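The primary structure of each chain is shown beneath.
Protein chains: 2
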Amino acid sequence: MHPRRFVRAVLLIVSLPLVLGAQTLQEKVRAHRVAHEKELMGEYREFVAIPNVSADHENVRRNAEFIVGMLRKRGVAAELLTIAKPGANPVVFGEVRVPGATRTVVFYAHYDGQPVNPKQWAEGLEPFTPVFLTDTVEHGGKIVADWRLGQPVNPQWRLSGRGAADDKAGVMMIINAYDALVKTGGVPTVNVKFFFEGEEEIGSTNLGAILAVHKAKAAGDLWIICDGPRHVSGRKVVAFGVRGDVNMDLTVYAAKRPLHSGNYGNFAPNPALHLVSLLASMKDDNGNVLVKNFYDDYVLFSETEKLAIKEASFTDAQLLKELGLKQPEVPGRSLLEGFELPTLNINGLGSANTGKLAANIIPTTAKATLDLRMVLGNDWQRQAGRVVAHMQEQGWHVMDHEPTDEERAQFAKLIKVEVGEGYNAQRTSMNLPLAQAVVDAVQSTSAEPVIKLPTVGGSLPLIIIEQVLGTRVITVPSVNYDNNQHAENENVKVQFLWEGIETFAALMTMK
Amino acid sequence: MHPRRFVRAVLLIVSLPLVLGAQTLQEKVRAHRVAHEKELMGEYREFVAIPNVSADHENVRRNAEFIVGMLRKRGVAAELLTIAKPGANPVVFGEVRVPGATRTVVFYAHYDGQPVNPKQWAEGLEPFTPVFLTDTVEHGGKIVADWRLGQPVNPQWRLSGRGAADDKAGVMMIINAYDALVKTGGVPTVNVKFFFEGEEEIGSTNLGAILAVHKAKAAGDLWIICDGPRHVSGRKVVAFGVRGDVNMDLTVYAAKRPLHSGNYGNFAPNPALHLVSLLASMKDDNGNVLVKNFYDDYVLFSETEKLAIKEASFTDAQLLKELGLKQPEVPGRSLLEGFELPTLNINGLGSANTGKLAANIIPTTAKATLDLRMVLGNDWQRQAGRVVAHMQEQGWHVMDHEPTDEERAQFAKLIKVEVGEGYNAQRTSMNLPLAQAVVDAVQSTSAEPVIKLPTVGGSLPLIIIEQVLGTRVITVPSVNYDNNQHAENENVKVQFLWEGIETFAALMTMK
Numbered sequence: 002m003h004p005r006r007f008v009r010a011v012l013l014i015v016s017l018p019l020v021l022g023a024q025t026l027q028e029k030v031r032a033h034r035v036a037h038e039k040e041l042m043g044e045y046r047e048f049v050a051i052p053n054v055s056a057d058h059e060n061v062r063r064n065a066e067f068i069v070g071m072l073r074k075r076g077v078a079a080e081l082l083t084i085a086k087p088g089a090n091p092v093v094f095g096e097v098r099v100p101g102a103t104r105t106v107v108f109y110a111h112y113d114g115q116p117v118n119p120k121q122w123a124e125g126l127e128p129f130t131p132v133f134l135t136d137t138v139e140h141g142g143k144i145v146a147d148w149r150l151g152q153p154v155n156p157q158w159r160l161s162g163r164g165a166a167d168d169k170a171g172v173m174m175i176i177n178a179y180d181a182l183v184k185t186g187g188v189p190t191v192n193v194k195f196f197f198e199g200e201e202e203i204g205s206t207n208l209g210a211i212l213a214v215h216k217a218k219a220a221g222d223l224w225i226i227c228d229g230p231r232h233v234s235g236r237k238v239v240a241f242g243v244r245g246d247v248n249m250d251l252t253v254y255a256a257k258r259p260l261h262s263g264n265y266g267n268f269a270p271n272p273a274l275h276l277v278s279l280l281a282s283m284k285d286d287n288g289n290v291l292v293k294n295f296y297d298d299y300v301l302f303s304e305t306e307k308l309a310i311k312e313a314s315f316t317d318a319q320l321l322k323e324l325g326l327k328q329p330e331v332p333g334r335s336l337l338e339g340f341e342l343p344t345l346n347i348n349g350l351g352s353a354n355t356g357k358l359a360a361n362i363i364p365t366t367a368k369a370t371l372d373l374r375m376v377l378g379n380d381w382q383r384q385a386g387r388v389v390a391h392m393q394e395q396g397w398h399v400m401d402h403e404p405t406d407e408e409r410a411q412f413a414k415l416i417k418v419e420v421g422e423g424y425n426a427q428r429t430s431m432n433l434p435l436a437q438a439v440v441d442a443v444q445s446t447s448a449e450p451v452i453k454l455p456t457v458g459g460s461l462p463l464i465i466i467e468q469v470l471g472t473r474v475i476t477v478p479s480v481n482y483d484n485n486q487h488a489e490n491e492n493v494k495v496q497f498l499w500e501g502i503e504t505f506a507a508l509m510t511m512k
Numbered sequence: 002m003h004p005r006r007f008v009r010a011v012l013l014i015v016s017l018p019l020v021l022g023a024q025t026l027q028e029k030v031r032a033h034r035v036a037h038e039k040e041l042m043g044e045y046r047e048f049v050a051i052p053n054v055s056a057d058h059e060n061v062r063r064n065a066e067f068i069v070g071m072l073r074k075r076g077v078a079a080e081l082l083t084i085a086k087p088g089a090n091p092v093v094f095g096e097v098r099v100p101g102a103t104r105t106v107v108f109y110a111h112y113d114g115q116p117v118n119p120k121q122w123a124e125g126l127e128p129f130t131p132v133f134l135t136d137t138v139e140h141g142g143k144i145v146a147d148w149r150l151g152q153p154v155n156p157q158w159r160l161s162g163r164g165a166a167d168d169k170a171g172v173m174m175i176i177n178a179y180d181a182l183v184k185t186g187g188v189p190t191v192n193v194k195f196f197f198e199g200e201e202e203i204g205s206t207n208l209g210a211i212l213a214v215h216k217a218k219a220a221g222d223l224w225i226i227c228d229g230p231r232h233v234s235g236r237k238v239v240a241f242g243v244r245g246d247v248n249m250d251l252t253v254y255a256a257k258r259p260l261h262s263g264n265y266g267n268f269a270p271n272p273a274l275h276l277v278s279l280l281a282s283m284k285d286d287n288g289n290v291l292v293k294n295f296y297d298d299y300v301l302f303s304e305t306e307k308l309a310i311k312e313a314s315f316t317d318a319q320l321l322k323e324l325g326l327k328q329p330e331v332p333g334r335s336l337l338e339g340f341e342l343p344t345l346n347i348n349g350l351g352s353a354n355t356g357k358l359a360a361n362i363i364p365t366t367a368k369a370t371l372d373l374r375m376v377l378g379n380d381w382q383r384q385a386g387r388v389v390a391h392m393q394e395q396g397w398h399v400m401d402h403e404p405t406d407e408e409r410a411q412f413a414k415l416i417k418v419e420v421g422e423g424y425n426a427q428r429t430s431m432n433l434p435l436a437q438a439v440v441d442a443v444q445s446t447s448a449e450p451v452i453k454l455p456t457v458g459g460s461l462p463l464i465i466i467e468q469v470l471g472t473r474v475i476t477v478p479s480v481n482y483d484n485n486q487h488a489e490n491e492n493v494k495v496q497f498l499w500e501g502i503e504t505f506a507a508l509m510t511m512k
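If you read the sequences in order, they're chains A and B.
Throughout, our numbering is defined as the position within the first sequence, counted from one, plus 1.
Throughout, our numbering is defined as the position within the second sequence, counted from one, plus 1.
If we strip away everything but chain A, and leave its shape as in the complex, we get:
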């Protein structure tokens, strides 16, 4: 072909979209998604229907294999990364090398989910039978009973189910972002790696080992984490840090057998009373943790970080109203300002029964589960140790086992403390060029200014990734904030799935 004719032919091809109405990457990705919504949603419902409680290894593996299938169907080489430890859930790994790319970006999500108590879910909702809701249960959402597979899906609907938002949504968005990108003629600017973990909800206890064993595969210039919710305002978010986390299970012991509260009241100590005294001593009415040295070693936000927090703190009043709260725990402190500090939270309490099931007894035990979040500077073992020291100062005999008869005879206040596996917080500097590139890519898909958070409130084991791989980690949380993650009636808003696909396609073509 004559060179000039070739050039004209090329120009013709290149300018065709202009003639038809020029399309940005985002528009192309969106058009592709719109054309394939029904298949995408059908596949996603199938995915959410596979039980994914982290400890349910058999079903967790079914999830992993389902994801491998999703990747392969889209032409991505995929495999399971495992370690030789019984009960360790596999990572799903996939990789696409892009000729000429100088950077490698690892896209992370997790496919395991928090435990479920089906009784606590609303009528008609089952953790692993995803259905569409017209709104959240709390806002009076109803099940869309007449929807059938293949029918259109209203983007305002919610899809219910454990993991629907946290964090199978991340897997769904990342895989479909890549697919939409390449199916519409796009090419990633970076080598793309897919890394989907199966143990995030139990503290990622094996992640370090998996990364160490599969270091070359996991290596990258940047890890982008897709987990957690966007801002309450709906605005997109880029987050540069996460809190660390550790759980503590407490069990207080009293009499060996349940006692009639009349025959033994005023004589036998009540373990529930002992427990409430202990817990009440840990935090004052202003939300300050009273455990000695609890606030000793956290790193304050930098000026850049404080500014970012200030810019993002504008929806607290709306949030309080929506949650049905008069005021925050510490009046005057914003949601995001609180992210600077470590937390001590009561996840749950239990002793005998309440309400209709209650009997007039003195219970034998009383239990609480605590959640401690760490910020930069805290060490999770040191922090948990402070809570244990607090108990000891108050005269508790702290054990890692059920009390023996000897211990019962010797100590009036008996408590078993089980400290889970924890990890520390992680923060990436907001001033890195890579950080700016991520913000720019996300911003390219949003008319509203992207919110930059020095840290989110939640926890991910990003410190492990940073330490084992020596890489950078940035989080792009992408689901609706009112998703009930970790709790009953978990849901993802369909529109957020669709927008997440656009976000991650943009990140795969970051400058």
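I should point out that these hints are in silico values taken from the structure, not numbers from a laboratory.
Incorrect hints may appear among the rest.
[Claimed, not checked] When the alpha-carbon atoms are kept at most 27 Å apart in a straight line, the in silico DSSO-like pairs for lysine-lysine are as follows: (1) B:K417 with A:K322; (2) A:K143 with B:K257; (3) B:K257 with A:K357; (4) B:K322 with A:K417; (5) B:K120 with A:K357; (6) B:K39 with A:K357; (7) A:K417 with B:K327; (8) A:K120 with B:K39; (9) A:K86 with A:K218; (10) B:K39 with B:K29.
The structure displayed is predicted, hence computed values, not measured ones.
Take the given structure of chain A and dock chain B to it, following the hints.
Coordinates of chain B only, in the frame set by chain A:
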């Protein structure tokens, strides 16, 4: 007949038992029971197998009809006493008039039971599938798996099941005491009335109305209550009073939906923390209730009562050891001395989940059920009112309903308080001749001195009986103390059933 021959004939008849081996009433009753143990136990297992949770009206009625059958089988005219109120459980009533008797004694027990949570029962135990245990579950008792109907029963065994001790045992003892008495040629010295209630475990809310409607039937010179346990030492007990009782269900509200403890920690108030602060403020570490005026209006024990308490307080050390407790709630105060005072007990606590089911959330609600016991002088409504006032003083907005959006916007501390139907304490003077007659009758069946208690720790609606009928009320508690009444693994020791039959036969022939 010549007077002397008449006297000789009479002497011959009177001395006949001596010739055959003279038998006391107790010996005759015992021999009759020994000969019929298998049938008695077969019938009792059948009785305990009928679910009897007070609110389960259909099954409660099956229990009532079963008791009617038990009475009729023994030749006692029996009927159900009801009132025209939907859902009111019937009383089973029976009556035997004794020619020449000048006193009428009403024998009371209740056949309804506390709620059950089958999951909390030990492996192999079901609340309504009674089985024999070699000992209490807490003492390592095992199920006697190879026992079959008709085989002998070891008197040291326990029969498990809700109501096995509290208080179907009372029904069983009273009916079989009468039967053994008359079958062995005995004649009651009093008109005997049987009165078996079906709503004791829900506060006997309809008892007053039933007594008022059926006043003539319920009338008697004395009511003897068979409920509650004998002394820890195993000694038999006559009790002259009971505590009053009222339950309070508390629900603390926070955010409308469960929140991720990381994303909302340090911002959203935690209802479990609010609840523990409230509960901890109600009682100090020395077991003193801190609710204002809580101890204002109780009547101190009289000197006679104090003496009785002192005589009976000798087994606390053994009890503490057996319960696995270092010390009582108030070191230095005996179990029975504590009966002088009102109580405030936490029956149960609940908020979200603990342990393996716990999720990292801020729960939406936290609940507690309290049990307040009243002593002489207390009024249950006044006492519950003091607890409510305590909450209000601490800034709680106390409601009888779920919070409205307006209340949520207005108040930071929201609590729903549901006060159950309660009743006050009752005490009968220990110095009445009738009181002495009861003690003497019980003493006639026991080698050990009978323990006299001015009051038991538990509650029965005896004040209602006293007030509506103007009669006297005395309690003869008869089951083993370690029966787990109101709780999981409830059990009755077989020997206590057998001995109870002797006790009540003696009471039916009281002087």
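How the hints compare with the structure:
no. : hint               : in the structure
1   : B:K417 with A:K322 : 20 Å, holds
2   : A:K143 with B:K257 : 17 Å, holds
3   : B:K257 with A:K357 : 22 Å, holds
4   : B:K322 with A:K417 : 20 Å, holds
5   : B:K120 with A:K357 : 16 Å, holds
6   : B:K39 with A:K357  : 37 Å, violated
7   : A:K417 with B:K327 : 17 Å, holds
8   : A:K120 with B:K39  : 43 Å, violated
9   : A:K86 with A:K218  : 19 Å, holds
10  : B:K39 with B:K29   : 17 Å, holds
Violation of the numbered hints given earlier is confined to hints 6 and 8; the remaining hints are satisfied by the structure.
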